[in-house]
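Produce the complete structure using the sequences and hints provided.
As a plain string of letters, each chain reads:
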Amino acid sequence: MSLLEIKNLHVNVDGHEILKGIDLTINPGEVHSIMGPNGSGKSTLAQVLARRDAYHVIKGSVSFNGKDLLEMKPEEAACEGVFLAFQYPVEIPGISNAYFLRSALNAQRKFRGEEEMDAMDFLPFFRDKLKLLEMDEKLMNRSLNEGFSGGEKKRNEVLQMSILQPRLAVLDETDSGLDIDALRIVANGVNALRSPERGFLVVTHYQRLLNYIKPDFVHVLVDGRIVRSGGPELALELEDKGYGWIEQEAAAV
Amino acid sequence: MVTTSTQDLGIHLQNFTDFQRRAAGRNVPWLRKLREDAFARFAEVGFPTTRDEDWRFTNITPIVRTQFRLPGTALVQLPPAELKSWNIEGSAARLVFVNGRYAPELSRIAALPKGMAVSSLREQIEGNSDQISKQLGHYADTQRDAFVALNTAFVEDGAYVHVKRGVVAEAPIHLLFVSSSDHTALLTHPRNLVVFEDQSQGTVVEEYVSLGGGMMFSNGVTELVAGDDAHVSHYMIEREHKEAFNVSTLRIQQGRTASVASHSFLLGGGLVRNNVHPVLAGEGGECLINGLFVGSGKQHLDNYMHVEHASPHCASRQFYNGILDDKAHGVFHGRIVVHKDAQKTDAKQTNRNLLLSDDAQIDTKPQLEIYADDVKCTHGATIGQIDENALFYLRSRGMSEAEARRLLLLAFASECVERMRPGAAQIYVEQLIQEHLLPFREHSRHAGVGTGERNVEEVG
Ligand SMILES: Nc1ncnc2c1ncn2[C@@H]1O[C@H](COP(=O)(O)OP(=O)(O)OP(=O)(O)O)[C@@H](O)[C@H]1O
Ligand SMILES: [Mg+2]
Numbered sequence: 000m001s002l003l004e005i006k007n008l009h010v011n012v013d014g015h016e017i018l019k020g021i022d023l024t025i026n027p028g029e030v031h032s033i034m035g036p037n038g039s040g041k042s043t044l045a046q047v048l049a050r051r052d053a054y055h056v057i058k059g060s061v062s063f064n065g066k067d068l069l070e071m072k073p074e075e076a077a078c079e080g081v082f083l084a085f086q087y088p089v090e091i092p093g094i095s096n097a098y099f100l101r102s103a104l105n106a107q108r109k110f111r112g113e114e115e116m117d118a119m120d121f122l123p124f125f126r127d128k129l130k131l132l133e134m135d136e137k138l139m140n141r142s143l144n145e146g147f148s149g150g151e152k153k154r155n156e157v158l159q160m161s162i163l164q165p166r167l168a169v170l171d172e173t174d175s176g177l178d179i180d181a182l183r184i185v186a187n188g189v190n191a192l193r194s195p196e197r198g199f200l201v202v203t204h205y206q207r208l209l210n211y212i213k214p215d216f217v218h219v220l221v222d223g224r225i226v227r228s229g230g231p232e233l234a235l236e237l238e239d240k241g242y243g244w245i246e247q248e249a250a251a252v
Numbered sequence: 000m001v002t003t004s005t006q007d008l009g010i011h012l013q014n015f016t017d018f019q020r021r022a023a024g025r026n027v028p029w030l031r032k033l034r035e036d037a038f039a040r041f042a043e044v045g046f047p048t049t050r051d052e053d054w055r056f057t058n059i060t061p062i063v064r065t066q067f068r069l070p071g072t073a074l075v076q077l078p079p080a081e082l083k084s085w086n087i088e089g090s091a092a093r094l095v096f097v098n099g100r101y102a103p104e105l106s107r108i109a110a111l112p113k114g115m116a117v118s119s120l121r122e123q124i125e126g127n128s129d130q131i132s133k134q135l136g137h138y139a140d141t142q143r144d145a146f147v148a149l150n151t152a153f154v155e156d157g158a159y160v161h162v163k164r165g166v167v168a169e170a171p172i173h174l175l176f177v178s179s180s181d182h183t184a185l186l187t188h189p190r191n192l193v194v195f196e197d198q199s200q201g202t203v204v205e206e207y208v209s210l211g212g213g214m215m216f217s218n219g220v221t222e223l224v225a226g227d228d229a230h231v232s233h234y235m236i237e238r239e240h241k242e243a244f245n246v247s248t249l250r251i252q253q254g255r256t257a258s259v260a261s262h263s264f265l266l267g268g269g270l271v272r273n274n275v276h277p278v279l280a281g282e283g284g285e286c287l288i289n290g291l292f293v294g295s296g297k298q299h300l301d302n303y304m305h306v307e308h309a310s311p312h313c314a315s316r317q318f319y320n321g322i323l324d325d326k327a328h329g330v331f332h333g334r335i336v337v338h339k340d341a342q343k344t345d346a347k348q349t350n351r352n353l354l355l356s357d358d359a360q361i362d363t364k365p366q367l368e369i370y371a372d373d374v375k376c377t378h379g380a381t382i383g384q385i386d387e388n389a390l391f392y393l394r395s396r397g398m399s400e401a402e403a404r405r406l407l408l409l410a411f412a413s414e415c416v417e418r419m420r421p422g423a424a425q426i427y428v429e430q431l432i433q434e435h436l437l438p439f440r441e442h443s444r445h446a447g448v449g450t451g452e453r454n455v456e457e458v459g
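Residue numbers (numbering that gives the first Met the number 0), protein chains in the order written: chain A, 0 to 252; chain B, 0 to 459.
None of these hints come from the bench; they were simulated from the model.
Beta carbons are placed, not taken as given, at the ideal position from N, Cα and C, and that holds for glycine.
Some hints here could point you the wrong way.
[Said to hold, decoys possible] Computed footprint of chain B on chain A; a stretch qualifies when at least three of its residues, placed anywhere within it, have a C-beta under 8 angstroms from a C-beta of chain B:
# : segment
1 : 68 to 74
2 : 106 to 116
3 : 203 to 212
[What the hints assert, rightly or not] Pair by pair, the computed Cβ-Cβ distance ranges are:
# : chain 1 : residue 1 : chain 2 : residue 2 : range
4 : B       : Leu82     : A       : Pro92     : 57 to 65 angstroms
5 : A       : His204    : B       : Asp373    : 48 to 56 angstroms
6 : B       : Asp357    : A       : Trp244    : 49 to 57 angstroms
7 : A       : Asp67     : B       : Asp357    : 27 to 35 angstroms
The following block contains the structure:
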């Protein structure tokens with residue numbers, strides 16, 4: 000059974016049709032990359048998968064692990080194993096990063112009928128992950144994302160992913176704003192999670208990320224439609240030639 | 000103040016006549032005069048109305064109309080379970096007042112540091128009235144405020160806390176005011192005198208609770224004197240039942256380089272007015288005025304700050320956060336008065352509010368009166384809803400909507416908790432807030448709303 004199956008998905012935001020019929024299937028173990036010009040609908044797709052309700056699905060279906068994803072609330076999708084690394088992580092003053100992470104993990108463990116973790120058990124568990132992402136433990140006692148640098152926020156997203164261990168990870172421009180070293184570290188974090196059961200949907204503008212996270216498929220999203228799909232070589236071609244030629248081809252069809 | 004001829008002060012006059020006949024210290028001349036002058040002042044001005052600028056947002060008609068009675072002398076039984084829960088772990092003393100009257104059998108005064116004295120005001124009045132004559136009634140202003148006048152007319156019981164020069168008392172003194180009304184409309188006038196001499200330190204927690212429902216009105220006044228270089232924290236916790244009336248006035252008098260923190264937590268009460276009036280009378284003083292008000296149902300929670308800079312080089316910081324649900328109405332009135340000589344004043348005021356329902360209301364009003372020319376005064380207020388982006392972010396990690404809401408409300412409230420000094424009182428308050436916020440998480444606003452944040456930030 001496929002992990003994610005999107006069929007003819009149409010999505011409205013504030014009365015505007017942003018996604019105009021998306022078809023996409025991700026099988027367990029696969030890494031898919033989505034590229035496309037600004038405003039083409041990449042984040043919209045990502046947010047719909049995380050079940051943001053301001054994005055109205057007007058047509059189509061999405062099944063996740065055989066279940067209807069569109070019937071799920073955000074927390075249900077998360078507990079079923081969908082994780083979105085946000086393009087713009089939210090700052091929440093007054094909630095410590097550590098407390099937030101533990102609450103999230105425990106919410107998911109509770110959903111799965113597992114025992115909740117107390118602060119003592121949690122500490123060694125997340126220390127390993129911190130090490131993997133070369134993050135300072137001090138960030139754990141600070142308010143969630145508050146005053147974090149752009150790169151720290153993105154690493155924090157990947158940290159959450161490493162701790163929550165989703166079945167499907169959607170990374171929305173997790174590479175944007177990262178310096179070279181951070182890019183490598185974040186990619187390591189992602190690669191450490193790759194497994195035959197997991198799927199990835201990686202939204203990016205830059206081919207260089209795909210040097211680190213090798214995709215099985217690359218899709219090009221233009222104006223709410225996937226206009227071309229291919230292997231990793233497609234990303235190289237885009238890097239070289241830009242989107243113009245694909246947009247023209249798409250228009251000509 | 001506007002007097003209305005329609006006001007019926009008769010019941011208060013009758014109460015006063017009865018009171019005069021049996022009150023403790025009725026034969027002490029200065030006390031008698033203090034009471035009589037105060038009542039005369041009250042009778043002269045009457046209760047304020049919404050035409051009074053200071054009461055514009057708070058209609059006290061229900062208080063004016065009620066035929067209140069002073070409590071009788073009958074003993075009220077308090078269930079041990081409740082008494083146990085109204086307890087600050089690690090406090091140095093707990094003085095319990097039942098319907099305004101000190102209840103020694105319910106109170107506990109453990110080993111206090113040498114130089115610290117805690118007793119009921121009545122004991123002082125009966126046994127040692129000279130000691131308090133130089134301070135009682137010297138600070139709280141009966142001229143400006145009818146409720147203070149009324150309280151002063153009926154001054155008799157409450158707490159007397161005296162900390163001698165240089166004494167440092169870590170553990171808090173807990174003053175617990177329990178109201179329990181039978182069938183009459185109960186009126187109490189708690190009066191506290193708290194004196195910290197030069198270089199002393201300590202914490203006083205003033206808490207109002209109720210037992211059962213019923214009509215009740217606590218009209219409390221606390222005079223807090225902080226000598227030169229004294230460090231004092233005062234907590235006001237209001238958690239009476241949701242129809243109770245409560246008007247509380249905290250009048251702080253600060254000496255040179257004294258540092259005082261006033262923390263107010265309005266969780267209960269139906270019609271509540273919280274007056275905080277620090278006077279920074281000595282050079283280099285600092286005052287933190289921190290507060291949280293959380294209302295639901297039809298609660299009306301009014302905070303009236305009156306920060307008076309009377310000396311140079313003083314700093315004041317006001318931070319009030321409000322959370323309002325259902326049809327609750329909050330008021331924040333932040334008045335800052337900088338006297339002519341109070342150069343280099345540094346005064347700051349911030350009021351942040353979260354409205355959880357469309358019917359909740361907040362009136363926030365800064366009022367700056369600056370008579371010195373070299374001062375820094377800033378004020379700002381925000382009114383917003385729970386941030387939908389934050390809510391979605393938390394839910395996208397697996398937390399239920401209710402849990403996500405609870406966390407966001409707690410985060411908002413925790414700003415106020417973090418301003419308190421770590422210790423027994425902080426732990427107590429934090430626990431109360433956590434419990435109090437639990438029901439608020441169930442409230443679900445309609446999707447789509449939640450971006451309208453109004454910001455007012457001005458520098459004067
Ligand atoms: N509330 C809204 N009302 C109208 N249009 C909206 C709204 N929200 C998003 N859009 C539009 O939807 C389109 C797709 O946005 P989306 O964020 O999905 O693009 P993207 O492909 O992620 O772009 P980028 O590469 O810049 O991140 C954009 O044109 C955006 O302006
Ligand atoms: Mg985007």
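Right, here's what the structure says about each hint:
1. 68 to 74: holds (count 3)
2. 106 to 116: holds (count 3)
3. 203 to 212: n = 0 at 8 angstroms, threshold three: violated.
4. Leu82/B with Pro92/A: 57 to 65 angstroms: violated, 37 angstroms
5. His204/A with Asp373/B: 48 to 56 angstroms: holds, 53 angstroms
6. Asp357/B with Trp244/A: 49 to 57 angstroms: Given a distance of about 52 angstroms, which is inside 49 to 57 angstroms, the answer is holds.
7. Asp67/A with Asp357/B: 27 to 35 angstroms: holds, 33 angstroms
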